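> The hints should help you fit chain B onto chain A, whose structure is shown.
Now for the letters of each chain:
There are 2 protein chains.
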Amino acid sequence: MAQNIYDNPDFFAGYSRLPRQVKGLEGAPEWPAIRALLPDLSGKRVVDLGCGFGWASRWFREQGAASVLGFDLSRNMIERARDETMDACIDYRIADLETLELPEAASDLVYSALTFHYVRNFERLVRMMHAALVPGGDLVFTIEHPIFMAASHPHWTMDEDGQKTWTVNGYSIVGERHTDWFAKGVVKHHRTLAITINTLIGSGFELRRMIEFAPTPEQIAEFPDLAEELERPMMLLISAHKS
Amino acid sequence: MAQNIYDNPDFFAGYSRLPRQVKGLEGAPEWPAIRALLPDLSGKRVVDLGCGFGWASRWFREQGAASVLGFDLSRNMIERARDETMDACIDYRIADLETLELPEAASDLVYSALTFHYVRNFERLVRMMHAALVPGGDLVFTIEHPIFMAASHPHWTMDEDGQKTWTVNGYSIVGERHTDWFAKGVVKHHRTLAITINTLIGSGFELRRMIEFAPTPEQIAEFPDLAEELERPMMLLISAHKS
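Chains as they are written, first to last, in the working numbering: chain A, 42 to 284; chain B, 42 to 284.
The following block holds chain A by itself, in its conformation from the complex (with noise of 0.2 Å):
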């Protein structure tokens, strides 16, 4: 079973306060690249894995879709998505990835925002997505970026020319990274961007595209703090097709 990190209280407490949080998908500067990553919504059954308070639940019906189905590991999640949506069409289950079975080509779009960096067996999960999608339909997700999680404590430093610099190390080695974020020894698993892709294509998915977030000079301008960003990508947004 994957870490529940979302049900330990300190954690939730501090995350429940991130922007993304409070002002929902609006407070997440990718959010627009993502939308340009999806297809049209009408009339789509979507499974949204890892879908904490279900602010992407909801705009999907917002936009359409006929029904959403979210899943998340956390208690905490799922009770305050449940007490904050009022529509019949969009169903809130507690899950966990690493085992989690969905019907066969019962969907036309599996979306998943910054979750499957703490899935350990990605190759099952690729499977079984593609296995629940119909033909022609679509999977768009986004993660950390292992540019930003590779390295065994992941930091900015200055470099011996003063400038700020990303550190990068073990990149190539696979497997657990322990975090301090909101709570000690969150556990993620790092894979390098070659096998998030490879796993895709071998699953049978065709790669549409890929984006490297980076904040666009606007949302510089309006969030100087959102320039370091352009140091190094800290997301990583795919979209990927079934034929």
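It is possible that some hints are incorrect.
One copy or two, it doesn't matter: identical chains are merged, so the pair holds either way.
[To be verified] Simulated crosslink set (SDA-like; lysine to any residue; CA at most 20 Å straight-line):
1. K229 / G203
2. K205 / H219
3. K205 / E217
4. K205 / T233
5. K205 / H194
6. K64 / L143
Source of the hints: derived by calculation from the structure; they are not laboratory data. Predicted model only: the values in this text are computed from it and were never measured.
Just chain B now, kept in the frame of chain A:
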């Protein structure tokens, strides 16, 4: 026109002493990984972009390729390739990849090793290669990995934990990088991994496989210095297909 650093005498002298130039393909640790990406070569018409001394061009013929057209910007390279090749089915020519045009649908494989990061206009080149291939043709190439070449001054450093660390900055800032390698001011063109992949897909290629080269345990046992390649990928290997 691309910078022709290879005809700089200092550069050429240093470059010619690299293990991979003295020993040929077996002197390149990534060669077994490249071989795994190559299609069956029997009867194939191959184009080798940045052919250098012709090591790969000759190998393609040994594997049964019908013909090989090798291109390089460097007169030094092409002259030595011609001197060392006794094969009427291999033709070497001086050419600039910024402007090279190949006949349409007349090649089965376009191959290139560690050359495209010297090319400014990658999109033009990719469209030209796609047009040059027959349907069913393949593009297999290697470039310096963007993690390796992103920084304004890419180098190893020691982080505060005493961990050997690669410096990454400016990753999302596309454009020239100037480096000193056998000669001062070698000009390379940094592109993000996403730009490389999306340019291929946008030009009609289907991405088949991607390798961020890392040495095998056997290679590290034989050449312990290679272990540092696990910390960050130096080379990106890509296989793409024209349907």
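> Run every hint past the structure and note whether it holds.
Consistency of the hints with the structure:
Taking identical chains as interchangeable, the C-alpha atoms of K229 and G203 are never at most 20 Å apart, the minima being 31 Å within one chain and 23 Å between chains. In this assembly of identical chains, K205 and H219 lie within 20 Å of each other by CA distance solely across copies; the values are 18 Å between and 23 Å within a copy. Taking identical chains as interchangeable, the C-alpha atoms of K205 and E217 lie at most 20 Å apart only when they sit on different chains, with a minimum of 19 Å there against 26 Å within one chain. When the C-alpha separation of K205 and T233 is checked against a cutoff of 20 Å, the pair qualifies only between copies, where the shortest distance is 19 Å, while the shortest distance within a copy is 24 Å.
Taking the shortest Cα distances, K205 and H194 sit within 20 Å of each other both inside one copy (16 Å) and across copies (11 Å). Taking the shortest Cα distances, K64 and L143 never come within 20 Å of each other, neither inside one copy (30 Å) nor across copies (53 Å).
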